[in-house]
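Residue numbers (the numbering used here), protein chains in the order written: chain A, 1 to 92; chain E, 1 to 130.
Just so you know, the hints here were simulated from the structure itself, not pulled from any lab data.
Don't be surprised by glycine CBs; every beta carbon is placed ideally from N, CA and C.
Don't take every hint at face value.
[Claimed, not checked] Keeping only pairs whose Cα atoms sit at most 25 Å apart, straight-line, the calculated SDA-like set for lysine to any residue is:
| id | chain 1 | residue 1 | chain 2 | residue 2 |
| --- | --- | --- | --- | --- |
| 1 | A | K71 | E | A68 |
| 2 | A | K71 | E | D84 |
| 3 | E | K45 | E | G107 |
| 4 | A | K71 | E | L69 |
| 5 | A | K71 | A | G29 |
| 6 | A | K71 | E | A58 |
| 7 | A | K71 | A | S8 |
[Unchecked claim] Below, a sample of chain A positions facing chain E; criterion: calculated Cβ distance under 8 Å:
| id | residue |
| --- | --- |
| 8 | S8 |
| 9 | R10 |
| 10 | Y54 |
| 11 | I61 |
| 12 | G62 |
| 13 | A67 |
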Amino acid sequence: MPSAEDISKRIETAIAGATADVEDYTGTGDHFRATVTAAAFAGRSRIEQHRLVYEIFGTEIGGPIHALSLKTLVPQDAPSEGAPTPQPTTTQ
Amino acid sequence: MSSTTPSTELPMSPGQPVASAAPVASASEANPIHDAIAEAIAEHKVILFMKGTPEAPACGFSARTVAALQELDTPFAAVDILPDPRIRQELSAISNWPTIPQLFVNGELLGGCDIVMEMHESGELAEALV
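The following block holds chain A by itself, in its conformation from the complex:
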């Protein structure tokens, strides 16, 4: 059963320069919520950003990991690569 920390480490290892803030929101080791910030997301659609994270876990999603709720962010200083990237507004 993965811990929030395991999930976080795997994301940060798989996506260069990513930071992943992961929470086990049921406390049962199978429902996680992750906020992932990575320059690699720049220029990609939200769907593609989420796929990059889901791909790390393959069939574990829907298996031992029942839910991995995602919020993906591009760091403020990441170079934009053309396509508009959803930039969540952070609080002032």
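Fit chain E to the given chain A structure using the hints.
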């Protein structure tokens, strides 16, 4: 033999067994479930693959996605993926998306619950559904 009846049309071909104790047939054979899903996505402007039905969602993520669509008064087709594990398997193969729910608009995957909720909060969902 399942009596599950989604409130909106289930695009499985009539006579397609929805529950089976038999081993799943080889994926390389003719694949009516794959075809039925692809057809349903092509035929409905807005279609949601979910756990349970809009009236009785079987999962919080599906429930939230249904609620967002209902708030916007969007007509949508819904398919319950629970009656047969092959539905989910084939759907994910088509969409390259591992989780449920999945919302398709104009034949394309718009997102799962997280993306749909983000888009709902920002107003993008209403625009995407026009």
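Hints versus structure:
no. : hint           : in the structure
1   : A/K71 x E/A68  : holds (18 Å)
2   : A/K71 x E/D84  : violated (30 Å)
3   : E/K45 x E/G107 : holds (7 Å)
4   : A/K71 x E/L69  : holds (20 Å)
5   : A/K71 x A/G29  : holds (19 Å)
6   : A/K71 x E/A58  : holds (23 Å)
7   : A/K71 x A/S8   : holds (13 Å)
8   : S8             : violated (17 Å)
9   : R10            : violated (15 Å)
10  : Y54            : holds (5 Å)
11  : I61            : holds (4 Å)
12  : G62            : holds (6 Å)
13  : A67            : holds (7 Å)
The structure fails hints 2, 8 and 9 (numbered hints given earlier, in ascending order).
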